[in-house]
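First to last, the sequence lines map onto chains A and B.
Using our numbering, the first residue of the first sequence is number 1, and each one after it goes up by one.
Using our numbering, the first residue of the second sequence is number 1, and each one after it goes up by one.
In short, the hints are calculated from the structure, not lab data.
Don't take each hint at face value.
With a straight-line cut-off of 20 Å between C-alpha atoms, the simulated SDA-like cross-links for lysine to any residue are [said to hold, decoys possible]: (1) Lys-241(B) <-> Arg-271(A); (2) Lys-253(B) <-> Gly-208(B); (3) Lys-130(A) <-> Ser-77(A); (4) Lys-14(B) <-> Arg-271(A); (5) Lys-130(A) <-> Tyr-169(A); (6) Lys-132(A) <-> Ser-77(A); (7) Lys-14(B) <-> Arg-25(B); (8) Lys-14(B) <-> Thr-270(A); (9) Lys-44(A) <-> Asn-7(A); (10) Lys-225(B) <-> Pro-194(B); (11) Lys-241(B) <-> Ala-241(A); (12) Lys-241(B) <-> Thr-270(A); (13) Lys-252(A) <-> Ala-216(A); (14) Lys-296(A) <-> Ala-241(A); (15) Lys-241(B) <-> Gly-250(A).
The structure displayed is predicted, hence computed values, not measured ones.
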Amino acid sequence: MKIHIKNGRLVDPAHGIDQPADVYVAAGKIVAIGAAPDGFHANKTVDATNCVVCPGLVDLAVRLREPGLEYKATLESEMLAAAAGGVTSLAIPPDTDPPLDEPGLVEMLKFRAKNLPGPRVYPVGALTQKLKGDTLTEMAELTEAGCIAFSHADAPFADTQVLMRALDYAATFDYPVWLRPQDAWLGRGGVAHDGPVASRLGLPGIPAIAETIAIATILTLARETGVRLHLARLSTREGVAMVRQAKAQGLKVSCDVSVNHLHLSEMDLTRFDSNLHFLPPVRSQRDRDALIAGLKDGTIDAICSDHAPVDDNEKQLPFGEASPGASGVELLLPLTLKWAAENDVPLAQALDCLTRKPAHILGVPNGQLAIGGNADLCVFDPAAAFTVTAKALKSQGNNTPFLGYELPGVVKATIIDGHLDYERQ
Amino acid sequence: MADGLQLSPDGQLKHLLTLDGLPSRILTQILDTAETFMDVGERDVKKVPLLRGKAIFNLFFEPSTRTRTTFDIAAKRLSADVVTLNIAASSQSKGETVLDTVANLTAMHADMFIVRHSQSGAAHFIARHVAPHIAVVNAGDGRHAHPTQGLLDAFTIRRYKGAFHNLRVAIVGDILHSRVARSQIHALTTLGVPEVRVIAPRTLLPAGVEQMGVHVYHDMQAGLKDVDVVIMLRLQNERMKGALLPSAQEYFKQFGLTPEKLARARPDAIVMHPGPMNRGVEIDSEVADGPQSVILPQVTYGIAVRMAVMSMLMGPAQ
């Protein structure tokens, strides 16, 4: 298929481009930017008037809920939702049922995804079998099957000796390890940020130090083992400071934040809305301000959706009993644009956190526009606003605390591997 | 916290979920209404016809004896039809969700749900999902709130002390896990008690408890000095030994209320306890049964306060 994207504003943070330019796509590649190549006849033209044309978004945490959790969501529903959100590459955490701890599961997932329209999927393998924190997985086999990194999802990792060995083993083969830092014991039983609001509401707390103690341990082990480390979903002010310091000392570590945590804080919990039950919990306003500052100064590399579709039976429950997480892959771009507008962040810098930087963490050449490169593109109207409704969400999960919000940024078209996988009607 | 769920647009009580954020006007109205019900229990015919024809369901997702019984009596004295469901033992074990239970009982034309649940926020959750004509009363949700207990404690204090504005009140024990303590704190600070103290080891205090408007003490000698009211909290069996406290004996020695410790309070101080008591753990029998104890009157007042809440929820103020 040959696609001509015309009259758009091309923004490519990876190459410092922000200018009006047409883009020409053929055979899955970008064949020209600016003027049409000789003899180019498009079979499809996308009118990008008033729109931004940027590299397709790269989301570091999207749960597709397969295998095993299809009652919450399916590959079809969530890959369509991702495409509708402008996402063209996504990493899948291993917290499926069973977890992604065997090559066969990963191969099946890749195979199923490949035959569906939608983003490129990059499974993150389980670091230990069944995510139990005691036995290593066959990381080489899993890598061969398609895993691009290893993580422990949100499962607690209690045994530091096993963790050290896991990092040592991964470092042997230079496999990246992504960890969400939370001490296995201090977070036990908690459902909300341990602070004055949770105390008032009587919600069992997860203290900020559950994150910082884990970060201290993980950073120490990373220095010791030399593992390629990525810290997922930072949530605390102290945690951001620790990563900033580690980076200043030359440690190779990257990190991300969920877009939810750029907007929400413990103050939003007062209605006991179970859509605000997150892991890690939304924390104090000071913590949120520190995440925003960390993202602005580059301490935090990427913004992810931490997409977690949950069905009503597991979400329509009292706060502490409800499954954590929000369906968010379709809101990643709008919520990022809202964050950028509210914090005077230039568009290109905000998009950098959704494109080039997360692609670099994934270790893939996506998230940028280059002639001859993969044609993964997102076309969106940055000025158009929409109201978030359950009906309009393509994800099977309607669980989001942003229902009723008016957000900027409407995706008009998503091109993945040269195919127009989503076009807004 | 105040979130518009509890009050109707014209300022009337619609649900009673928490005392946090309720205006003192409402709390005072409940206490005043309770006063009017005080004599009902002493009559030969212990009934008034205010809620005749109303169907009240006690939904106890967590076991309770005392609270359930007093709600039951209160509803019957108001002439309501009362059905008590111990859901912990029935539909939940069959996999029915809270919302399904609520929908089924709504179909039976319920007018009010009295809810107890182990999860903080469960009463809010149910209140947000019931039909608009149904009132929800929180009879205890997790660690969050037990508003009728907070109200009956305020009622007891007003009966014995006359007013709130000149009092020092100490709440002693497991504040961390206590919905009773939270509701007491909101009731007393809203009604104008200038000094509410909490006395507990640091392991039994929630993070940032000072932000609820209380003074924190870790020592009974200092904390009880010159107080007018001492409220002892129940220590749950499972907290008595482990990582929160080493033993019931050590707890009693440090924080149990004995005549010697009570002597630090004002001579006319009253001693309260929401029950059921652990004698010899948080309170010495000599104090529990002594002249300063008002623990049994609390139970009697609880019925009048619950009658007041139910009657206000079902109609215009008395």
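Going down the list of hints, with the structure as the test:
Proposed proximity of Lys-241(B) and Arg-271(A) is contradicted: the alpha carbons are some 34 Å apart, above 20 Å. Our distance criterion of 20 Å between C-alpha atoms is broken by Lys-253(B) and Gly-208(B), whose separation comes to about 26 Å. Our distance criterion of 20 Å between C-alpha atoms is broken by Lys-130(A) and Ser-77(A), whose separation comes to about 26 Å. Pair hint Lys-14(B) plus Arg-271(A) holds up; C-alpha atoms about 16 Å apart against a cutoff of 20 Å.
Restraint check for Lys-130(A) and Tyr-169(A): the C-alpha separation of about 18 Å stays at or below 20 Å, so the hint holds. As the CA atoms of Lys-132(A) and Ser-77(A) are separated by approximately 29 Å, the hinted pair breaks the 20 Å bound. At roughly 15 Å between alpha-carbon atoms, Lys-14(B) and Arg-25(B) fall within 20 Å of each other, so this suggested pair holds. Our distance criterion of 20 Å between C-alpha atoms is met by Lys-14(B) and Thr-270(A), whose separation comes to about 18 Å.
Under the criterion of a C-alpha separation no larger than 20 Å, the hint pairing Lys-44(A) with Asn-7(A) is consistent with the structure, at around 14 Å. For the given pair, Lys-225(B) sits about 15 Å from Pro-194(B) by alpha-carbon distance, which is consistent with the 20 Å threshold. With a C-alpha separation of about 37 Å, the suggested pair Lys-241(B) and Ala-241(A) falls outside the 20 Å cut-off, and the hint is violated. A C-alpha spacing of about 32 Å is found between Lys-241(B) and Thr-270(A), which places the hinted pair above 20 Å, so the restraint is violated.
Between Lys-252(A) and Ala-216(A) the alpha-carbon distance is near 15 Å, which keeps this suggested pair within the 20 Å criterion. In summary, the hint linking Lys-296(A) to Ala-241(A) is supported, as the alpha carbons are separated by about 13 Å, within the 20 Å threshold. With a C-alpha separation of about 46 Å, the suggested pair Lys-241(B) and Gly-250(A) falls outside the 20 Å cut-off, and the hint is violated.
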